[in-house]
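Number of protein chains: 2
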Amino acid sequence: MKAVGFTTSLPIEAADSFIDFETSIPIPAEHDLLVKIKAVSVNPIDFKIRQNSAKDKVLDAPKIIGWDAVGVVEAVGNEVTLFKKGDEVYYAGDINKPGSNAAYQLIDERIAGNKPARLSDAEAAAMPLTTLTAWEVMFDRMHINESDKDKSILIIGGAGGVGSIAIQIAKKVAGLKVIATASRPETVEWCKQQGADIVVNHKDLVSEVQKAGFKYVDFILDFVNTNTYWDAMAELIKPQGHIASITGSAEPVALNKLKGKSVTFSWELMFTRSTFQTGDMTEQHNILNKAAALFDNGTLKTTLNKTLHGLNADNLKAAHRLQESGKAIGKTVIVF
Amino acid sequence: MKAVGFTTSLPIEAADSFIDFETSIPIPAEHDLLVKIKAVSVNPIDFKIRQNSAKDKVLDAPKIIGWDAVGVVEAVGNEVTLFKKGDEVYYAGDINKPGSNAAYQLIDERIAGNKPARLSDAEAAAMPLTTLTAWEVMFDRMHINESDKDKSILIIGGAGGVGSIAIQIAKKVAGLKVIATASRPETVEWCKQQGADIVVNHKDLVSEVQKAGFKYVDFILDFVNTNTYWDAMAELIKPQGHIASITGSAEPVALNKLKGKSVTFSWELMFTRSTFQTGDMTEQHNILNKAAALFDNGTLKTTLNKTLHGLNADNLKAAHRLQESGKAIGKTVIVF
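Here the protein sequences line up with chains A and B, keeping their order.
Everything in the first sequence is counted per the UniProt record's numbering, starting at 1 for the first residue and increasing by one.
Everything in the second sequence is counted per the UniProt record's numbering, starting at 1 for the first residue and increasing by one.
There could be a bad hint or two in this list.
For identical chains, the list gives no copy identity; a pair is met inside one copy or between any two copies.
To be verified - Pairs of lysine-lysine, DSSO-like flavour, derived with a Cα cap of 30 Å: (1) Lys-257 to Lys-203; (2) Lys-306 to Lys-171; (3) Lys-290 to Lys-171; (4) Lys-85 to Lys-215; (5) Lys-290 to Lys-306; (6) Lys-97 to Lys-215; (7) Lys-57 to Lys-257; (8) Lys-211 to Lys-48; (9) Lys-259 to Lys-149; (10) Lys-215 to Lys-192; (11) Lys-151 to Lys-290.
The set of hints was computed from the structure by calculation and includes no laboratory data.
Input sequences plus hints: build the corresponding full structure.
This is how it looks when you write it as structure tokens:
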């Protein structure tokens, strides 16, 4: 089958940062679905893995990355019960297994969902990883529920992939008052289109949020950098409030700053359930199906913003280049 | 009225580390209850405040500390609705106001509860601060609920005041499997009496817990030191698990270590609600009353372990000395 990968970590401008190659179609076992892929999308995790997973070494075989796909089930492992041949699926996948930048991929049925029927392949391929991330962080980590309706949430990094769908879910599913950060006219406009009530500049964040009328906010989601925004988050979070992040803290953190207000902090990593094969791993199947129903009834909208045609090294390079720039708005998809 | 306090932060051995003095009985306003105190208890917060709140200075008037009391309502402010003159109450109080080491004290009705009827004054005075702390951390911060029954909780520092009642609440109210840490024969025995299923040594904590049959635990409560146990907690916590602490992290913390497992961390400070006058401040009244019912029906037991008689500087010094030693088991109470 056709695939795109790399054997060493190179800057995206390098000729071989991605290479087109041929490999054999994998064979499904146990809970695996063999999926014929129709579209994929790119997330920040993609370029981080490309930049770091084969640093200063050359792999024996090209590594296939890519987490997000839409496709059709071609065959199933002998323990599969949730899907059958011919089903259209969408999923984000498992960081420990070959990715979706290939004609075919194996995916565990417990982390795949039924593709939203009313979305095109490109529209649907844009959504799994970011939707799972935003859903898990708000409902499984922060335990946001009906009693939180009309509370406030600050979303740092509103115009990116996760930020965009997080704004929608916070507003339209959780019923929160959404303050998002964005700094360019086009990202401010995008955040409003997703449903943000208020958009503030991330520079001088504390005074921006307070000028918007909030001394404190009930929830904060960091989609940019935990170290950068730590002090601002500690100041803005409401007593007994909840901060969560999907990014990282390369430097140690002054955790003590959250103590006086009895604040909670959560990490969310969409790959935790599949990596640790947690008992509730099938929850990702359930989330994707719940989200599909919300896409189909119009509550949620795709965050697709750019479509490339044809799976090949050149298109993957273009998609990574845009993602690495930090200027991407919404999602970039490659349709096969 | 008679009171005990200090005008400068001194080692407990110093003659004036506590002084007996006379001051006027305060007058209740708004939500205040004026309580005639019958018994108080000592917590680690007491000696931390004594050691630090008048460092290198001399206060104009002696500072009265002490958070935990049992007493009788003598008068009420004009907005009081929850209590009346003659009611017996127990409460932990507000860090920003004069404490309970005095014949009378003002307390906001919203953070006071009805004294458990079946407990003596000493037995009841031992409980408010630690019970509120343990209850808030498990139910308000960690959101432990019926669906968590039979999950595992590691309680670091099981034999102290909060540890003791936390073991009881975790076991008897939340229905969890409780692993507590203790290192001396008498503290091991005490933890078992409180209801711990397993007691492990805090030295070499990871291998101790794993030897006891737990690769991971669902919840961890740190009642000793967040910096000291950070790496061990990061290793032992289950993917998607929840760690909470009431102690502190003087040094910055490698928060990143919790990311791969999507772990949540909460601070619990019993004084947050009263300090910030949160909208749900009355929840402390509710918790104390729920706990009183559990003390009265025998589900929970007092953790009183030592009783001193007479409010005076000598007895407060003795109680602080024991608390500062780090060897206190359960609670020490002074009956007036």
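Checked hints:
Proximity of Lys-257 to Lys-203 under the C-alpha cut-off of 30 Å is found in both arrangements, the shortest distances being 21 Å within a copy and 28 Å between copies. In this assembly of identical chains, the alpha carbons of Lys-306 and Lys-171 lie at most 30 Å apart only when taken from the same copy (24 Å versus 54 Å across copies). Taking identical chains as interchangeable, the C-alpha atoms of Lys-290 and Lys-171 lie at most 30 Å apart only when both belong to the same chain, with a minimum of 16 Å there against 35 Å between chains. Proximity of Lys-85 to Lys-215 under the C-alpha cut-off of 30 Å is found in neither arrangement, the shortest distances being 54 Å within a copy and 38 Å between copies.
When the C-alpha separation of Lys-290 and Lys-306 is checked against a cutoff of 30 Å, the pair qualifies only within one copy, where the shortest distance is 25 Å, while the shortest distance between copies is 56 Å. Within a single copy, Lys-97 and Lys-215 get their C-alpha atoms only as close as 45 Å, which misses the 30 Å cut-off; across copies the closest is 24 Å, which meets it. In this homomeric assembly, Lys-57 and Lys-257 come within 30 Å of each other (Cα to Cα) only across copies, at 26 Å, whereas the closest approach inside a single copy is 41 Å. Taking identical chains as interchangeable, the C-alpha atoms of Lys-211 and Lys-48 are never at most 30 Å apart, the minima being 36 Å within one chain and 37 Å between chains.
Taking the closest pair of Cα atoms, Lys-259 and Lys-149 come within 30 Å of each other both inside a single copy (25 Å) and across two copies (28 Å). Proximity of Lys-215 to Lys-192 under the C-alpha cut-off of 30 Å is restricted to the intra-copy arrangement: shortest distance 22 Å within a copy versus 46 Å between copies. Taking CA atoms no more than 30 Å apart as the test, Lys-151 paired with Lys-290 passes in both settings, with 23 Å inside one copy and 27 Å between copies.
Consistency note: the structure conflicts with the earlier hints numbered 4, 8.
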